[in-house]
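*Asks:* Produce the entire structure from the sequences given, and follow the hints as far as they go.
There are 2 protein chains.
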Amino acid sequence: MNEKRIVVIGGSAAGPKAAAKARRLDENAEVILFQKSPDLSMASCGYPYYVGGFFDDRNQLLCTPAGVVRDTKFYLNAKAIDARPSTEVTAIDRKAHTVSFRNLVSGATGTQAYDKLIVATGAMPRMPPVPGIELAGITTLQSMKDADFLRSIRDAGKIKKAVVVGGGLIGMETCEALHLAGIEVTVVEMLPQILTFLDLDLAMLMENHVRAKGANVIVGNGVAEFLGEGGKLTGIKLKNGTELECELAVVAIGVVPNVALAKSAGLEIGTTGGIATDAFMRTSDKDIYAIGDCAEIEHRITGKKLLAPYGDLANLEGRVAGENAALGDSVTFPGTIQTGICKVFEFSAGATGLSLANAIKNGYSNAVSVVNASADKPGFMSGKLLVTRVVADRKTGKILGAQVVGPGKVDKQVAQWALSIQGNMTIEDVVNADLPYAPPFSLAIDHFIATAHLMQNTMKGRLKGISVMEVKRKLDAGEKPFFLDARGPEEYEAMRLGIGETLIPLGAVRKRLGELPQDKNAEIICYCKISLRGYEAALAIEAHGWKNVRVMEGGIMAWPYPREK
Amino acid sequence: MNEKRIVVIGGSAAGPKAAAKARRLDENAEVILFQKSPDLSMASCGYPYYVGGFFDDRNQLLCTPAGVVRDTKFYLNAKAIDARPSTEVTAIDRKAHTVSFRNLVSGATGTQAYDKLIVATGAMPRMPPVPGIELAGITTLQSMKDADFLRSIRDAGKIKKAVVVGGGLIGMETCEALHLAGIEVTVVEMLPQILTFLDLDLAMLMENHVRAKGANVIVGNGVAEFLGEGGKLTGIKLKNGTELECELAVVAIGVVPNVALAKSAGLEIGTTGGIATDAFMRTSDKDIYAIGDCAEIEHRITGKKLLAPYGDLANLEGRVAGENAALGDSVTFPGTIQTGICKVFEFSAGATGLSLANAIKNGYSNAVSVVNASADKPGFMSGKLLVTRVVADRKTGKILGAQVVGPGKVDKQVAQWALSIQGNMTIEDVVNADLPYAPPFSLAIDHFIATAHLMQNTMKGRLKGISVMEVKRKLDAGEKPFFLDARGPEEYEAMRLGIGETLIPLGAVRKRLGELPQDKNAEIICYCKISLRGYEAALAIEAHGWKNVRVMEGGIMAWPYPREK
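Going down the list, the protein sequences come from chains A and B. So the first sequence is numbered by this note's numbering: it starts at 173 and just counts up by one. So the second sequence is numbered by this note's numbering: it starts at 173 and just counts up by one.
Note that these hints are calculated values from the structure, not bench results. The structure presented is a predicted model; accordingly, all values stated were derived computationally and were not measured. Note that CB positions come from ideal geometry on N, CA and C, so glycine has one too. One or more of the hints may lead you astray.
Derived Cβ-Cβ restraints for the label pairs, each shown as a range [what the hints assert, rightly or not]:
| id | chain 1 | residue 1 | chain 2 | residue 2 | range |
| --- | --- | --- | --- | --- | --- |
| 1 | A | A451 | B | P734 | 48 to 58 Å |
| 2 | B | G445 | A | A715 | 35 to 45 Å |
| 3 | A | N388 | B | E600 | 42 to 52 Å |
| 4 | A | A715 | B | D459 | 15 to 25 Å |
Partner residues aside, some chain B positions facing chain A, computed with beta carbon under 7 Å [said to hold, decoys possible]:
| id | residue |
| --- | --- |
| 5 | R196 |
| 6 | G282 |
| 7 | A712 |
To be clear about the criterion: a stretch of chain B counts as covered by chain A if any three or more of its residues have a C-beta under 8 Å from a C-beta of chain A, and this derived list gives those stretches [unchecked claim]:
| id | segment |
| --- | --- |
| 8 | 211-218 |
| 9 | 421-432 |
| 10 | 602-615 |
*Replies:* Set out below in structure tokens:
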């Protein structure tokens, strides 16, 4: 029997994983890995941290955990993989089962036969189609070369002002990196908010933090033109006419899957623009797989196809394709629930599953959300704030999504929600979750469980919440509900919203019912710092006959708008 | 209609939660809370951190997150709960539906009628029945009074040597606290290991860390006698005759549920010694609930009754009993999977679900385990080691349990396993889990997922693992398998086991097959630092015909025994 030839196109994340997995499952296969760039198996998600100075040795982005650089020699000896960097695959001949390639250094060309082909051609940064885009000083942060360039700027210390175009995950990570490099940074985002995987209010909490750290954020305004002198960037003109001086611009407005090769070969391209795949990660040609940023995959909740250019999924898809290429199609990839996270200065922001709006749009007409704000650990262990919005189906209790922001341990919270969703769990399944508790790690009732309690109370009709966004809309519309701040006088002196609220500490509510509106149908909105006391105040008030009492979810800690104090 | 009278006995964790929940659900009920101690609602899990100096204000253990001490005034005004500290309930008259009480300060006695009674009488420390137990200088760390006493010892700075009797969770937390107080500490544990929720090898990794931090650990040796002079502790005599000098001994050998009151009232006591409860947290008397450390609950996997004296469960049980007492029996408590965690210096140790031995004992005859060692984050983000043993059913893939130790983020790992178990998930369900990945938070393939991959490979027969414990038994029995260390020469120079191994770096394995035993049935055991390269070496060797090749799980990082270097 001839040895099986498994050819992989792409050597960043998905490709090397697929090649290594195939090798492990078939010691006798010939495994060949083509990579257009000179580097192999880069930890590309680490670029912002290299630029930001979290570490100084660029090889750490290219190393195994044991400190060995993943070069061709490493691939050959340790993995028995024939890795060919700086080599572009120029065509796929599906009939002949070959690929044509060209060495970008020597110019040499050739063809390589395959039995199974794995396409992991990645994605390229989207660039805004505006004048001046060719100026020197405009870059992305998508390749090792980009990372080297931005790191050299950090090390040179000459550039004073930069603009990051795009307030997504990579944009905000880059904002932090450049700020840490001592550069004055402005993030420009065309949409009304940064980090669009978050709802507006949570995104605004992130924005407030970024501004508090000294970086600028402009939302709802796009780039009209890059301005320059002598071929060099000097500034950016925004759509509203504002001009921002800058010597550096990093464009991070998303990526476009690299599908030209696949398209030329006649492989089916999905409506998302990515290479269409099935659960085995196969393309429309059963001998060809597509994985990573170039492929479209399925949303595990909605069943819809989407692009999910994330490093973790790329690795998992690679593992599936590698096994199927080596052993025949036997394992499947279930898709994504769009779990993501990023750190921006001392805050983190993460999300998993569906937002409330997306849930409703996807047929969950009974979807409901609630916000919880609390510390991640006890105060005496220096607990830090977490603000979570969870989304569930009111009828079945099925957990649909969650968003978490704050200085607390966001990653653990998001991971817990992500597993709950992937385990098809309901709110009832997690209200009594048995999680690892000790004061260095969590509250006795972990923030995750407490959030589930709020959702359970909401589903049972006990907690009638109102989001800070809805409250803001009421205020903007000139409505005047009775606002009850249930905190203590000292807290009120130190910090308050100033939205016409009346301070009635929880301990005094039952005695001061006379200060409430006489009309038992009047709208009353209770809150406190995190709206736990606000909730208790609301229950006491309702028990005395008021019929239109709500709790402002998350309290002052979830309020992202300016406050009086 | 008369107001419902809900009486709660016990004001530490479960009791106050039940009282508060009952109040929130029935504003008109009369809610009365009896508490024997003078303090209310103490964060008792925080005692070791107060003693250890993580914070200095004892009130932080008694405060709401807003900084209000939970005293009788707070309970009355904010919660409308009649809290009666320093008041012991001396008898329950089930027929009359009353309790008798006695104020421990004034001596006043009385009776209180109830419609629903919630028993949360907690547990008391188990004391070793040995001579000298009455000496001054012997304490526990179970009450606010204990915490005050040990904190005063820290602050006085006079005591030089202490012994902690018992190497469980509280014992090890106390060990750290006393060490941080500048006291020379020895932990004495009667069993062959500390932290018995861990398997021996993982427990030994914790022991090694504790010793490396400068505290002493003696296992397999109990206390025979407390030695004293003039009524004061001067030392401890162990069962093997060893004498340890010490001026302070903290006993932490577990707790015994306080069931005397319940027993006198004729409530059913379970075989575990705790008050028997059903899923509603009801006792054998349908008007009486039992919650917290005094009650027995069900194991969610085995269905067996057990005692689970943990603060988080106490709160959740309280929430269930409070709702049922207020509204009629409508919500249930599902029990525990015995999830627990503790921090000991820079390491943490946690577990959830069943160990391999327990799984087999409970009917999972196909249970199998595997160990994974890896960093929690990339090296360039200063990732720290995690060592996990996961247990699953080989036939169904059902996840049964996990244990995690190390300096990495143990709590997140244990939480992920705990939710997987509670979601009835299988290994196949989590091998492609979509978790929040970015370099500040995890590896691209999180340790949890990578561990699931190892288990999947084990279940598919690809990874043939052997635990470090089994390897040690072989060595102790004089067996001489061929040990292959697949690391590089520099790593070998820096650190090695010295168990007769041959160094063949992974990259050279395929070229140096001639150095392996000629007999293709000879036993070969491969490993490396974490046994990823060891695994790849094993696969390559097997592909060349060797039939008895295994991988030492977790590699050198999981090896808790002395090593050559």
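*Asks:* Next, verify each hint and record whether it holds.
*Replies:* Consistency of the hints with the structure:
About 49 Å separates the C-beta atoms of A451/A and P734/B, a value consistent with the hinted range of 48 to 58 Å. Judged by the Cβ atoms, the range 35 to 45 Å given for G445/B and A715/A holds: they are separated by roughly 40 Å. At roughly 47 Å, the beta carbons of N388/A and E600/B sit within the given window of 42 to 52 Å. Remark: the range hint 15 to 25 Å for A715/A to D459/B is upheld by a beta-carbon distance near 24 Å.
Nearest Cβ of chain A to the Cβ of R196/B: about 5 Å, under the 7 Å cut. The hint holds. Nearest Cβ of chain A to the Cβ of G282/B: about 26 Å, over the 7 Å cut. The hint is violated. The beta carbon of A712/B comes within 6 Å of a beta carbon in chain A, closer than 7 Å, and the hint placing it at the interface holds. For a cut-off of 8 Å, the count of residues in the segment 211-218 of chain B with a CB near a CB of chain A stands at 3, and the three-residue condition holds.
By the rule of at least three residues with a Cβ nearer than 8 Å to a Cβ of chain A, the coverage given for the segment 421-432 of chain B is violated, with 0 such residues. Check on the segment 602-615 of chain B: 13 of its residues sit with their Cβ under 8 Å from a Cβ of chain A, so the three-residue criterion for coverage holds.
In this structure, the hints that do not hold are numbers 6 and 9, in rising order.
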